[in-house]
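*Asks:* These are the residues of each chain, in order.
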Amino acid sequence: MKILVCINNVPDTTTKIKFVDNKAFDSAGVQWIINPWDELTLTRAIEMKETQPADIESVTVINVGRADAEASIRKALAIGADNGIRINSDTSDSYSVAFQLSEYIAKEKYDIIFCGIESSDYNGGSVGGMLAEFLAIPSVSSVSMFEIKDGKVVVKREIDGGNETLSVQTPFVLIGQKGIAIEPKIPSMRGIMTARTKQLTVVEGVACNQLIEFVDFDLPKAKAACRKIDAENVKELIDLLHNEAKVI
Amino acid sequence: MDFNFTEEQLMIQQAAKDFAERELLVDVIERDDNAVQSASHIKKLAELGFLGMMTDPKYDGGGMDTVSYVLAMEEISKVDASISVLMSVCNSLVNWGLENFANEFQKEKYLKPLARGEKIGAFLLSEPEAGSDATSQRTTAEDKGDYYLFNGTKNWITNAHLASTYLVIAQTYPDKKHKGINAFIVDKDTPGITLGPHENKMGMRASDTHSVMFNDVKVPKENRIGEDGFGFTFAMKTLDGGRIGIASQALGIASGAFERALKYSRERKAFGTEIFNHQSVAFKLSDMAVKIENARNLCLKAAWLKDQHLPYGTASAMAKQYCADIAMEVTTEAVQIHGGYGYVKEYHVERLMREAKLTQIYEGTSEVQKIIISRSLLK
Ligand SMILES: Cc1cc2nc3c(=O)[nH]c(=O)nc-3n(C[C@H](O)[C@H](O)[C@H](O)COP(=O)(O)OP(=O)(O)OC[C@H]3O[C@@H](n4cnc5c(N)ncnc54)[C@H](O)[C@@H]3O)c2cc1C
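Protein sequence lines correspond, in order, to chains A and B.
Using our numbering, the letters of the first sequence correspond one by one to residues 180 to 427.
Using our numbering, the letters of the second sequence correspond one by one to residues 154 to 532.
For reference, chain A alone in the conformation it holds in the complex (with noise of 0.2 angstroms):
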């Protein structure tokens, strides 16, 4: 089986968010990583490509964006994906990156596509269900387990109050969340040394309608500060509790 994972290049998690006028995201000192979601579905990919590499041909990773974005998909590499792609296009919206996403796929034939369940910059969570319309594939998303067992993909997804096991015919889309690796795959030395001879392919991207226009950023209101209560005036923490926060 080929598969294809989607990652995204997005501000490290605890990059301190600011606006260029409250209309554009301001990048001035960021530093960039691969979306965490997608970092997870990759590891996942690469640990099947490792303990099952007669299930799994190549893990291929790809990713809209502009140069700077090599970096993480260098990285990717490192990881253990076999080769890159960076369709080379702005991302509006997630309807772009998804229109980009599927007009080159469509030329290509990967057996399972791995999207992260959603992106940490803008937490659209929609572009892998996206892409499987426009390819006209199935999807299913919320994967929290991925396996081969004799040839056959077994996914499991976490429903209302527990979890639904399948066994999903290729090619599809596999949007994966928390559960589907343990933790992210650190590269190893060798692995920074050998993604320096792996192949990373620049392709043009399309002409794509923008559907959307950014009219407004606000930031998240400021927490209030801390306060601190002595133990012993359990009366006056009732007191604010029913009377300010209003929550008893």
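I should point out that these hints are in silico values taken from the structure, not numbers from a laboratory.
It cannot be assumed that every hint is accurate.
Here are the simulated DSSO-like pairs of lysine-lysine, each with C-alpha atoms no more than 27 angstroms apart in a straight line [stated by the list, open to error]:
id	chain 1	residue 1	chain 2	residue 2
1	A	K357	B	K197
2	B	K170	A	K228
3	A	K228	B	K416
4	A	K197	B	K416
5	B	K498	A	K407
6	B	K437	B	K422
7	B	K170	A	K357
8	B	K422	A	K407
Computed from a prediction, not measured in an experiment: that's the story for all the values here.
Since the structure of chain A is provided, determine the placement of chain B with the ligand on it from the hints.
*Replies:* Below, chain B with the ligand without anything else, positioned relative to chain A:
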């Protein structure tokens, strides 16, 4: 001049940081208390390739440059210097010494498994009566025709128990003084080698330190490194590079303590405000930041010189002395900024302070570095 790191160097730095924060941090206090190292950490360190990261891929190493090594050492030392000293001994003393001075047969047999991290190495120079004055070696390696016969005691040997490959410095021709010293590769399980108990140390308590006794130990002739009498030069050249490892360890200890102190100063309140807003605390942090910046620049300069194949002995002595000395100053201030909380184990800074002290002592004390530096001024 370019102060930027390459994408690969940044990736290595991040890998070391992730490893340290995810794997080492959880039980570092406990391991320090109990003075034990965790086998699973060493295995992981080996799997990630950190034990042979600078060795040429031709000998199964990672082929990374010294700058990457400094970045990785700093990140790991921020969290656990007992692990980073193991890494430093393996990379910059044992593997580097073998790669540069051993013959092909020795490299094939000993360097490759070390570079893959399957085996651990130790460097045996110091003796009970020969520390700073490494010329007065009393361990003897008598030439017996087809083998060398070892007798004597080595002291304070890092990795002595964990290691299977020892690089041992010993005296073959006592009358020739330091020109009679040789360096050897010795299998730790050779009959006649015994270890003293694990040293009960002030800091880096988990690091594996023992004295090693040689009692009529037979070492094959083919295990001598280089020409007859090359041992002292071997040790000094190897230590030049080793100092970059310990310098970056000291840097990491300092920056680890600094990061904790900065964070604490922005959370802890006294007199109605975060203590960072008291100028004497802010200025302490400012002084610490400048020292760390200087220290990092010295380490990176020495590493860069080494990578460019330019002379780096003085630069590495400067880096070692400065980084170790400021590590002691910075960690002491970090404890001070934490107040009473700094004096208990939970907040890590007291441990970092105990660890910093060792960096002023091993691989040449700060005084010895000043001897090296001052002598270079007259050249
Ligand atoms: C935990 C630990 C791990 C170690 N690991 C190793 C290892 O793996 N392999 C190894 O070979 N060694 C190792 N060492 C040994 C270490 O390198 C020595 O302890 C160090 O070189 C100092 O030697 P010494 O202890 O004999 O002190 P001494 O040489 O006796 O020095 C005592 C004091 O005198 C000062 N002094 C000595 N000579 C001079 C001088 N000429 N001018 C000014 N001051 C001077 C020193 O700076 C020091 O302050 C380790 C030591 C420790 C504590």
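*Asks:* None of the hints should be skipped; say for each whether it holds.
*Replies:* Against the structure, the hints come out as follows:
Our distance criterion of 27 angstroms between C-alpha atoms is met by K357/A and K197/B, whose separation comes to about 23 angstroms. Distance check on the hinted pair: K170/B and K228/A sit about 26 angstroms apart at the alpha-carbon level, within 27 angstroms; holds. At roughly 41 angstroms between alpha-carbon atoms, K228/A and K416/B are farther apart than 27 angstroms, so this suggested pair is violated. Only pairs whose Cα atoms come within 27 angstroms are accepted, and K197/A paired with K416/B is accepted, the gap being roughly 21 angstroms.
For the hint linking K498/B to K407/A, the alpha-carbon distance of about 25 angstroms falls within 27 angstroms, and the restraint holds. In summary, the hint linking K437/B to K422/B is supported, as the alpha carbons are separated by about 17 angstroms, within the 27 angstroms threshold. At roughly 22 angstroms between alpha-carbon atoms, K170/B and K357/A fall within 27 angstroms of each other, so this suggested pair holds. Using a Cα cut-off of 27 angstroms, the hinted pair K422/B and K407/A holds, with the two alpha carbons roughly 12 angstroms apart.
Hint check: a violation occurs at hint 3 only; the rest are consistent with the structure.
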